[in-house]
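Participant: Residue strings, one per chain:
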Amino acid sequence: MSSQKFTERKFGDYYKGNDVSICVPTSIEKREFGFLLFERGMLRHITFKAKEALESFLRATTCSDVYHSCSYYESPEAEMDRKGWLGADLIFDIDADHIPTSCERVHDGWICGNCSFSGKGIAPKKCPVCGSEKFNIGTWPCEVCLDSAKTETAKLLDLLMRDFGFSEKEVRVFFSGHRGYHVHVENEAIKTLAAVARREMVDYVSGLGLDVFFHGLNEKNWRVMRAYQDIRLDDLGWRKRIALGMQNFILSANEQDLRNIGLRKSIVEAILRNKDAILKSLLETGTWGVIRGVGFETWRKIAEHGVKLQSAKIDTVVTTDIHRLIRLTGTLHGKTGFKKVEFPVLAVDDFDPFKSAVAFKGGTATVFVSDAPEFRLGDEMFGPYRSQKVELPTAAAVLLICKRRAEVLE
Amino acid sequence: MQSVFSKFAKNDYAKYPFLKEAAKYLKIPDLKIEDLATPELEDILKRAEERVEEAILYTRVSRKLEKADNEISSYPVAIILAAATKSSFIQKRYALAEAKQTFEDLKNEKDKPKEKILTFAQDFGWKLALNKDSEITYEFALNFTDYLRNTTHLRGKKWKLVNRLLSDGNVYLTRTETARLLSEEVRKHIEKRVEVKELPRFPPKIIETAEKIKELSAEKIGKAEMEGFPKTVVQAAFPPCIEALYQAVSSGRHLSHVGRFTLTSFLTNIGMSPDNVIELFRTFSDFNERMTRYQVEHIAGERGSRTRYIPPRCETLQTHGVCVNPDELCQKIRHPLTYYRKKVKVAK
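First to last, the sequence lines map onto chains A and B. According to the numbering used here, the stretch in the first sequence is residues 1 to 410, in order. According to the numbering used here, the stretch in the second sequence is residues 1 to 348, in order.
In case anyone wonders, no lab produced these hints; they're calculated from the structure. Remember, it's a predicted structure, so these values are computed and weren't measured experimentally. Just so you know, not all the hints are guaranteed correct.
[Unchecked claim] For lysine-lysine, the following DSSO-like pairs were computed, each having C-alpha atoms within a straight-line distance of at most 30 Å:
no.: 1; chain 1: B; residue 1: K114; chain 2: A; residue 2: K240
no.: 2; chain 1: A; residue 1: K83; chain 2: B; residue 2: K114
no.: 3; chain 1: B; residue 1: K127; chain 2: A; residue 2: K240
no.: 4; chain 1: A; residue 1: K308; chain 2: B; residue 2: K332
no.: 5; chain 1: A; residue 1: K169; chain 2: A; residue 2: K308
no.: 6; chain 1: B; residue 1: K92; chain 2: A; residue 2: K191
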């Protein structure tokens, strides 16, 4: 049996089994559904009146990936131009691909699309052998990467709830099944917001276009008071976030970190020498700028770096696309065999994707692994493997096959 | 709760005749197009003509509160006149003038100004409230969705949401800022009303008046409006973002989806044929002629909805990381096509 047939059969078993729990979107009849088939090709513009119809479709047709529109349409089955857009949920996608981490060198790989030369880590601009600029990238859903994505997700959730005022009921958070997290916001006032308005929300959460001038950090204030009282930890919105970012940065920064944001050596030394005084002044009186010789430009740079630390790194395209297809909750990801799962917003810190998203329980398969880093599923560790035959639980085998790191042997 | 709203009198509606509640003061509630030619309405028609003319000449519309009834009734007639000119310039100008006047009037309300602003906002369905937090120095708190609907096209960093105080779903605003955003709502509201797709048959009197208004606008504005692009593509006039995309595609480097869309829509808009655009993409290793042709022709408006797509504006390109190496001219424009238009002109 080929590896693809193996995966296809396992996916099929999942949708026919009792463990499947599809969570359909609200107003299912107004949504477009899309299905990626194992035998290449995509079915689009499909509609269902109710959950049962969708479930029986999934039992009858084995798909590698299942999507629904974030939008609501008058005629979801029609062609794009004739659908009659009624609105869309607000969607955020946080993908490890958008966050640089130190472990990419270890588990990611690339293959030149032209000459098949391959390497580890982030792909170079040009293939060192043939000079081609087209690569096939092999990523890996690793714990470190997913953890960094989770940190960004937590920042995003805080922004959405504190600043945008969404309630716990309106904000839902999911593990995507691969390398990131999805956040959906369902709210009547949001539904009809145009793409440009959503873009402003994207800029807000990612701190893009933020000018610290408008948050109280300007030269005029500086001349008058020789100190800032406008950026305070007990303030609201970005003002509070900037203050937090500055505080965290001062707290943990070493000499090199401070040099990296463009500060002169003498200023860096003054800051490091007076670290405690700066933090104390901030906590007790909410004032910055108490250090002699450290002037406006320095504080501006520190504040701008604080913005970077506090912003949430999201995929900007997903949120502004008001026709986007997104993965259906409870269905499998074709690149991993993990399922997209929801978890409570308040449980974001404790959520373990490598436990909750495992879809295949029981059974084993023997595979030949070409190359795989060490990984964990549930409480069990696997790998690293290199050019070897190994018997694995179904979930682990499917993961390696989907990531093209292994072939099935029986 | 009711007490924070101020009840509007007839004079207020004469000042703000576009409010829904103003309709109860209309002389003829169910105005038919034919009625406009009747002599009883001559005063109203005259005042309506004046409204549009003032808009063209001064981008303001005076308020004649001593004849409140006529003033209120002349507003819907002015809308009909603006529509009858079939000139989108005049229509937009009229909307803008009423909006600017509204901004001035709202800002300068003497009697219970805050309450008036609240009542005004309520008429448009805004979620606007007085700020009750004494720690915050702003007078108003507006739900961010209402805020975004009225600011996304405003110039100036201070209107960007990320530069505002946003907390618990509310954007905090001064009175002047609130008045400014309400006037934007007025502009949008009037623009929508005057852009009638299918016009009825107008009585000769109306057509005559509309012609008069058009002549006035031609005199005032001249014929400098809207110059087209040159016939050939001038690569030297590409903005830096487009130049970078163009270089990337020429050397077969991978482009993001937004990048491909931006480049394609830019090139088709300045007159490059879809065939030539498709040739550009041929260097890609994953080039698929059928797919590329479908997408390029779609963007060029030769397929599907027949809409020709224009490239995203600068702000959007910044959000998606397509904006690179902005130069001096970039500071003065908000759209890559404007950059091209300006630079081509200089090159001539």
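Participant: Each hint: holds or not?
Facilitator: These are the hints, each one checked on the structure:
1. This hinted pair checks out: B:K114 and A:K240 have alpha carbons roughly 28 Å apart, not beyond 30 Å.
2. Using a Cα cut-off of 30 Å, the hinted pair A:K83 and B:K114 is violated, with the two alpha carbons roughly 43 Å apart.
3. About 25 Å separates the Cα atoms of B:K127 and A:K240, which keeps this hinted pair within 30 Å; it holds.
4. Pair hint A:K308 plus B:K332 holds up; C-alpha atoms about 27 Å apart against a cutoff of 30 Å.
5. About 29 Å separates the Cα atoms of A:K169 and A:K308, which keeps this hinted pair within 30 Å; it holds.
6. Distance hint between B:K92 and A:K191 is fulfilled; the C-alpha atoms sit about 28 Å from each other, no more than 30 Å.
Hint violations for this structure: number 2 only, all remaining hints satisfied.
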